[in-house]
Amino acid sequence: MNLEEAEIRMASHKAQDQGEQILSNDAYIQYAAMIKNAAKHWRRTFCEAGSIWQPVVFLTPATLVLFVFAYWPLLQDVWLSFHLWNMISPAMKFVGLQNYFQLVTSAEFIKIITNTVLYIVVLLLVNFLLPYLLSFMMAHLLKRFSFFYRSALFAPSTVSLAVASILFLWIFNPLAGPLSILLSAVGLESPRWFKEPVLVVIVIGLIIGWKVFGYNLILLLSAMVDVPKELIEAARIENASDWQLFRYIIVPMTSSTALYVFVITIVFGLQYVLVPVNMLTQGGPDQGSTNLVYIVYQYGFVFFQTGKAAAFAILSMVIYALFLMLKTKVLDKKVHYEN
Amino acid sequence: MKISSIRGWHWHVVLCGAVLIQLWPLFFMLSTSFKSMDEIFQSTLNPIPAVPVMNNYLYVLKNFPLVQYIFNTFFIAGIIAASKIITSILAAFAFVYYEFSHKEKLFNALLLTFFIPITVVMVPNYLLLSRLGVLNTPWGVILPQLADAMGIFLIRQAMRAIPRPLIEAGKLENAGAWVMLTRIILPLIKPSVIAMGIVFFINSWNDYFWPLLVLQDKSRYTLPLALQMFISAEGGSEWGIAMAVAVLTSLPPLLLYLSCQRFIIHTFMQSGVKG
Amino acid sequence: MSGIVFEDVSKYYGEITAVKGLSLSVQEGERLILLGPSGCGKTTTLRMVAGLEKITSGILKMGGHVMNMVEPGARNIAMVFQNYALYPHMTVWENITFGLSIRKVPNGEIKARAEKALEILNLSGYEQRKPHELSGGQKQRVALGRSLVKQAPYFLLDEPLSNLDAQLRLQARTELVKIHELYRPTLMYVTHDQIEAMSVGQRIAIMNQGVLQQLDTPDIIYQYPANTFVASFIGAPPMNLLQGRLCDGKLRIAGCDIKPPAEWQNLLASHSELWVGIRPEHCRLSDNSLLRGRVEFTELLGSQRCVHVRLQGDELVLCVFPAEQSAIEGTVGISFSWEHVNSFDSHTGCNIGRPHVR
Numbered sequence: 000m001n002l003e004e005a006e007i008r009m010a011s012h013k014a015q016d017q018g019e020q021i022l023s024n025d026a027y028i029q030y031a032a033m034i035k036n037a038a039k040h041w042r043r044t045f046c047e048a049g050s051i052w053q054p055v056v057f058l059t060p061a062t063l064v065l066f067v068f069a070y071w072p073l074l075q076d077v078w079l080s081f082h083l084w085n086m087i088s089p090a091m092k093f094v095g096l097q098n099y100f101q102l103v104t105s106a107e108f109i110k111i112i113t114n115t116v117l118y119i120v121v122l123l124l125v126n127f128l129l130p131y132l133l134s135f136m137m138a139h140l141l142k143r144f145s146f147f148y149r150s151a152l153f154a155p156s157t158v159s160l161a162v163a164s165i166l167f168l169w170i171f172n173p174l175a176g177p178l179s180i181l182l183s184a185v186g187l188e189s190p191r192w193f194k195e196p197v198l199v200v201i202v203i204g205l206i207i208g209w210k211v212f213g214y215n216l217i218l219l220l221s222a223m224v225d226v227p228k229e230l231i232e233a234a235r236i237e238n239a240s241d242w243q244l245f246r247y248i249i250v251p252m253t254s255s256t257a258l259y260v261f262v263i264t265i266v267f268g269l270q271y272v273l274v275p276v277n278m279l280t281q282g283g284p285d286q287g288s289t290n291l292v293y294i295v296y297q298y299g300f301v302f303f304q305t306g307k308a309a310a311f312a313i314l315s316m317v318i319y320a321l322f323l324m325l326k327t328k329v330l331d332k333k334v335h336y337e338n
Numbered sequence: 000m001k002i003s004s005i006r007g008w009h010w011h012v013v014l015c016g017a018v019l020i021q022l023w024p025l026f027f028m029l030s031t032s033f034k035s036m037d038e039i040f041q042s043t044l045n046p047i048p049a050v051p052v053m054n055n056y057l058y059v060l061k062n063f064p065l066v067q068y069i070f071n072t073f074f075i076a077g078i079i080a081a082s083k084i085i086t087s088i089l090a091a092f093a094f095v096y097y098e099f100s101h102k103e104k105l106f107n108a109l110l111l112t113f114f115i116p117i118t119v120v121m122v123p124n125y126l127l128l129s130r131l132g133v134l135n136t137p138w139g140v141i142l143p144q145l146a147d148a149m150g151i152f153l154i155r156q157a158m159r160a161i162p163r164p165l166i167e168a169g170k171l172e173n174a175g176a177w178v179m180l181t182r183i184i185l186p187l188i189k190p191s192v193i194a195m196g197i198v199f200f201i202n203s204w205n206d207y208f209w210p211l212l213v214l215q216d217k218s219r220y221t222l223p224l225a226l227q228m229f230i231s232a233e234g235g236s237e238w239g240i241a242m243a244v245a246v247l248t249s250l251p252p253l254l255l256y257l258s259c260q261r262f263i264i265h266t267f268m269q270s271g272v273k274g
Numbered sequence: 000m001s002g003i004v005f006e007d008v009s010k011y012y013g014e015i016t017a018v019k020g021l022s023l024s025v026q027e028g029e030r031l032i033l034l035g036p037s038g039c040g041k042t043t044t045l046r047m048v049a050g051l052e053k054i055t056s057g058i059l060k061m062g063g064h065v066m067n068m069v070e071p072g073a074r075n076i077a078m079v080f081q082n083y084a085l086y087p088h089m090t091v092w093e094n095i096t097f098g099l100s101i102r103k104v105p106n107g108e109i110k111a112r113a114e115k116a117l118e119i120l121n122l123s124g125y126e127q128r129k130p131h132e133l134s135g136g137q138k139q140r141v142a143l144g145r146s147l148v149k150q151a152p153y154f155l156l157d158e159p160l161s162n163l164d165a166q167l168r169l170q171a172r173t174e175l176v177k178i179h180e181l182y183r184p185t186l187m188y189v190t191h192d193q194i195e196a197m198s199v200g201q202r203i204a205i206m207n208q209g210v211l212q213q214l215d216t217p218d219i220i221y222q223y224p225a226n227t228f229v230a231s232f233i234g235a236p237p238m239n240l241l242q243g244r245l246c247d248g249k250l251r252i253a254g255c256d257i258k259p260p261a262e263w264q265n266l267l268a269s270h271s272e273l274w275v276g277i278r279p280e281h282c283r284l285s286d287n288s289l290l291r292g293r294v295e296f297t298e299l300l301g302s303q304r305c306v307h308v309r310l311q312g313d314e315l316v317l318c319v320f321p322a323e324q325s326a327i328e329g330t331v332g333i334s335f336s337w338e339h340v341n342s343f344d345s346h347t348g349c350n351i352g353r354p355h356v357r
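Residue numbers (numbering that gives the first Met the number 0), protein chains in the order written: chain A, 0 to 338; chain B, 0 to 274; chain C, 0 to 357.
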C-alpha cells in the first residue's frame with residue numbers, strides 16, 4: 000500500500016518534471032486524498048500497531064470495577080429513591096418524590112443538618128486550620144526536627160478508626176477514664192461525653208481529628224515545602240513578620256492544596272464519622288450524633304426504609320458535588336498563583 | 000541570634016505538645032493492655048504498668064478465635080492491595096502509553112469515583128453483592144474494592160515522571176506494550192508501587208464499615224470488626240482485654256509504617272498533588 | 000538503498016510551526032548534520048525520521064519506501080538521545096543487549112555483537128556496572144554501543160556530545176567519525192555546535208525557524224553562505240555584514256566609496272541596496288585601504304587577536320589577526336580582497352552570488 004501511494008506521488012512528480020507546470024486535476028485529487036489517508040493511518044499507527052484493543056484490555060479491569068461499584072449505584076439510588084421498599088419484600092411501590100418530601104419536612108431533618116454543620120465546623124478546626132498552621136511552622140519557622148515531628152504526628156493516621164473509637168471511649172469514660180481522673184484532680188466533674196447532645200459531636204469530631212490530622216498535615220506540608228525558598232528569603236529581607244509571611248506569601252502560594260484539603264476534610268470527614276458513631280453511639284443520644292452520612296445507614300440497615308436511605312444518599316451526593324464544583328471553580332480562578 | 004533561637008523554642012513547644020497529644024493515646028493503649036484489671040482502675044494514669052502481665056492477651060487468645068481474625072484480615076487486605084495495585088498499573092499504563100479518543104474524559108470519570116461517598120454505594124452494592132451470593136464471605140468485602148481511583152492517579156503520576164527518551168528508546172527497539180510495561184516502566188517505578196501497595200494494605204486492614212455490612216458470622220470477622228465485641232455502649236469493664244485486641248489490630252500497620260515511613264509519607268504527600 | 004528523503008515535509012504543533020516545507024535527501028552512508036539555533040526544528044526533523052513525531056504533511060522516504068505511517072520499532076533505526084536514555088535499572092551489558100533480546104536475536108550472536116561493541120568503545124570490564132556508576136563519557140559510549148549492536152542502516156544522534164565537557168567532546172567527536180567509517184550507516188546528527196558540525200559532517204543542513212536555509216558541504220557553507228542567517232550563524236567570530244548602497248557604479252559602505260572590480264559590476268547592478276559580508280580573517284590592515292575606522296578594543300582569543308573597529312557610519316567591523324602581530328591602536332585602514340566577499344540582497348537576505356563561483 001505504501002508503495003502504491005509512493006508510485007502515485009512519483010508519477011505526479013514526473014509529470015511536473017516533464018514541464019507540466021500545474022498538476023493535472025486528477026493527480027492533484029489523488030495526491031490530496033493520499034495525504035489525508037496518510038494522516039489517518041499515521042494517527043492509528045502511533046497508537047501502537049493500529050490496535051485499539053490493547054488499551055481496552057488494560058483499562059477494562061479498573062473501569063469495570065469502578066463503574067459497577069461506584070457509578071451504577073448512583074443510578075440505582077436515584078431509582079430506589081422514588082420507591083417505597085423494605086429491602087426484602089418483592090413488592091416495591093413507586094411513590095415519586097414522596098421520599099424526598101417526607102425527608103425535608105421531617106422533624107429530624109433539621110437536627111441532621113445542624114449536626115452535620117457542627118461536625119463540619121469541628122472537623123475544619125481540627126483537620127484543616129490546625130494542620131495548616133502547624134505545617135507552616137514546620138516548613139518555615141523551624142530549622143530542625145521537622146522530620147521527627149512529621150513522622151510522629153502522622154503515626155495515628157495508620158491506625159484503624161475502630162481502634163481509635165475504642166481507645167477514646169476508654170479515655171473519655173466519665174467514671175474511671177484517664178480524662179475524668181485528670182478533671183477531678185482540678186475539681187471538675189467529667190461530663191458524660193457520649194450522652195450529651197452537642198458534646199457527643201465534638202468528641203466524635205476529635206476522634207476523627209486524631210486519626211486524620213497527620214494525613215492532612217503532610218498534604219499541606221508538601222505544598223508548604225514547594226513554596227520557593229527565595230520568596231521566603233526575599234520577604235525576610237523586607238523584614239516581614241511571621242504573620243505577614245503567612246498571610247501574603249504562604250496563603251496565596253498554597254491555596255490550591257489548601258482548598259483540596261478543605262474539601263476532603265468535609266467530604267471524607269463526614270464519612271469517617273460512620274465508624275465511631277456506629278461503634279459508640281448508634282446515632283444517639285436521641286439522634287444527637289447522627290449526620291447526613293450515618294442517617295443513610297440507619298434508614299438502609301436499621302429501619303429498613305430503602306427508599307428514604309436512597310433519597311438521603313442522593314442528597315448527600317448533591318451536597319458533595321456542590322463542594323467539588325466550588326473547589327474546581329475556585330481552583331480555575333486561582334491557578335495563576337501557583338504557576 | 001539569641002532572639003531567633005528563643006522564637007524557635009516557642010514553636011518547638013507547640014509542636015511537642017501536638018506530638019504528645021497524638022502519641023499519648025497510642026502509648027496509653029499499649030500500657031493498659033499490659034495492666035492487670037486492678038491496676039487499670041487503681042493507677043489509670045501510670046504510664047508504665049507496675050507489674051506487666053500478659054493475662055489480657057492470653058485471655059483473648061484462649062477465648063476468641065484470634066488467629067482466625069488475623070488470618071481473615073490478612074487475607075482480605077492482601078488480596079485487595081494486590082488487586083488494586085495490578086488494576087491501577089494496567090489502567091495507568093493505558094492512560095500514559097496510548098492515545099485514544101475521550102482519554103481525558105475517561106480518566107476524569109475514573110478519578111471522580113474517589114469522591115463518590117460510601118452513602119451512595121452502600122445500599123445498591125449491598126443488594127448487588129447479595130444477588131451475587133457473596134454476602135457473609137470475604138469476597139463480598141473484596142469485590143467492590145478491586146480497583147482504586149487514587150491508585151490509578153498516583154501510578155499515572157509516577158509513570159509520567161519517567162523521562163520520555165527512555166520510553167522512546169524502547170519504542171525504537173520495537174518493544175511491545177507488555178515488554179515496555181514489565182521490563183522498562185515497572186522496574187523504574189518499583190518504589191512507588193511498593194509504597195502504594197503498603198498503603199492499600201494498611202487501609203483495607205483498618206477498614207471497618209464495609210466488612211460490618213457484609214460479614215455476619217463472627218468466625219468471618221476481621222480484627223477491626225472483632226473489636227466491637229469487647230465494648231458495650233455503657234462502657235464495659237474489660238478495658239485491658241479491649242486494649243490488647245486494639246494493640247494487635249494496630250500493630251501490623253504501625254510496624255509497616257515504622258519500617259518504611261519515608262516511602263509511605265512520600266506516597267501520601269503525592270496524593271494531595273492534583274494534576 | 001538506505002537514503003533518507005524528505006519531500007515537502009511540515010510539522011505543526013497546533014498553531015506553532017516546527018518544520019515547514021522541508022525537502023532534503025540524505026545519501027546512503029553519508030554523515031549529515033542538522034545544525035541551527037535552539038527551536039529551529041532540527042530535533043523535530045530527526046524525531047520524524049525516528050517515527051517519534053507524526054508528520055503533519057509531506058512524505059518521508061527511507062530506502063525508497065514511504066515511511067510516514069511506519070511505527071518507530073519497524074524502521075530499523077538506531078538512535079542516541081541527548082541524555083543517553085540509558086535504563087537506570089539495567090547494567091551496561093543489559094542496556095546494550097536489551098534491544099537485541101527483544102528482537103529475538105540468537106544468544107550467541109548477541110554475545111558476539113555486544114563484546115565487539117564493548118571492545119570498540121573501550122568499555123570492556125564495565126559490563127556489570129549500572130549507569131549511575133559510570134562517568135559522563137562512559138555513559139555516552141554505552142549509548143553509542145547500544146546503537147552499534149543493532150547494526151541498523153540508519154543512525155540518528157540527537158546532540159550526543161552536549162553533556163560532555165569540552166575536552167572529552169573533542170575526543171568523542173573523532174571516535175564517532177571512526178565508528179561511522181567502520182559500518183557506514185546513513186547518519187543524521189543534530190547539534191547546535193558549529194564546530195562539531197564542521198568536523199563531523201560530510202554535509203550540513205542549516206535550519207532556522209523550521210525552514211532549511213542551506214544544505215551543502217562544510218567548505219561551501221563557510222565560504223559561500225546562502226543567506227545572511229547562515230553567514231552570521233557560521234563562523235566565530237561571525238562574518239561582518241555591512242550595509243552597502245550602489246550608486247554610479249560605486250559601492251558606498253560606511254561613508255567610503257568603493258569601486259567594485261569589473262566582473263562584479265553586472266552582478267551588483269540590479270541591487271541598489273545590499274549587505275556586504277566579509278569574514279574577519281579576510282580583513283587586512285592597509286594604507287591603501289577601502290574602509291577607515293577607529294580601533295575600539297582588542298580581544299585576545301588564544302591564537303588570534305580580534306580587533307573591533309568602529310567605522311564612520313557607526314558600523315562595527317571585526318578583524319582577526321595572528322596573535323603575534325603587535326597591538327593595533329588608533330585610526331586604521333582596512334582592506335579586503337573581493338574574491339572573499341559575499342553580498343546579500345537587503346530585502347530577501349539571499350546571496351547574490353560571486354562572479355567567479357557561479
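Treat the hints as calculated values from the structure; they're not laboratory data.
We treat Cβ as the ideally placed atom computed from N, Cα and C, and that holds for glycine.
Please note that the accuracy of each hint is not assured.
What the hints assert, rightly or not - With a cut-off of at most 20 angstroms between alpha-carbon atoms, the simulated SDA-like pairs for lysine to any residue come out as follows:
no., chain 1, residue 1, chain 2, residue 2
1, A, Lys142, B, Pro51
2, B, Lys104, A, Leu73
3, A, Lys142, B, Gly16
Claimed, not checked - Some chain B residues flagged as far from chain A (calculated, every beta-carbon gap over 10 angstroms):
no., residue
4, Gln21
5, Gly77
6, Pro123
7, Gln260
### Task
Run the C-beta distances from B/Gln21 to all of chain A and say if the shortest one exceeds 10 angstroms.
violated (5 angstroms)
### Task
Grab the minimum beta-carbon distance between B/Gln260 and chain A and tell me whether it stays above 10 angstroms.
Per Cβ check, B/Gln260 is inside 10 angstroms of chain A; nearest 5 angstroms; violated.
### Task
For the pair we were handed, A/Lys142 and B/Gly16, check the Cα-Cα distance against 20 angstroms.
holds (18 angstroms)
### Query
Against chain A, does B/Gly77 keep a CB gap of more than 10 angstroms to every residue?
B/Gly77 clear of chain A: closest Cβ-Cβ about 16 angstroms, beyond 10 angstroms.
#### Entry: chain A versus B/Pro123 - minimum CB to CB distance exceeding 10 angstroms, so not interface
violated (4 angstroms)
### Task
Take a quick look at whether A/Lys142 and B/Pro51 sit within 20 angstroms of each other, Cα to Cα.
At roughly 40 angstroms apart (the allowed maximum being 20 angstroms), B/Pro51 and A/Lys142 break the hint.
### Query
Given the proposed pairing of B/Lys104 with A/Leu73, does the C-alpha separation stay at or below 20 angstroms?
holds (18 angstroms)
Violated hints for the displayed structure, listed by number in ascending order: 1, 4, 6 and 7.
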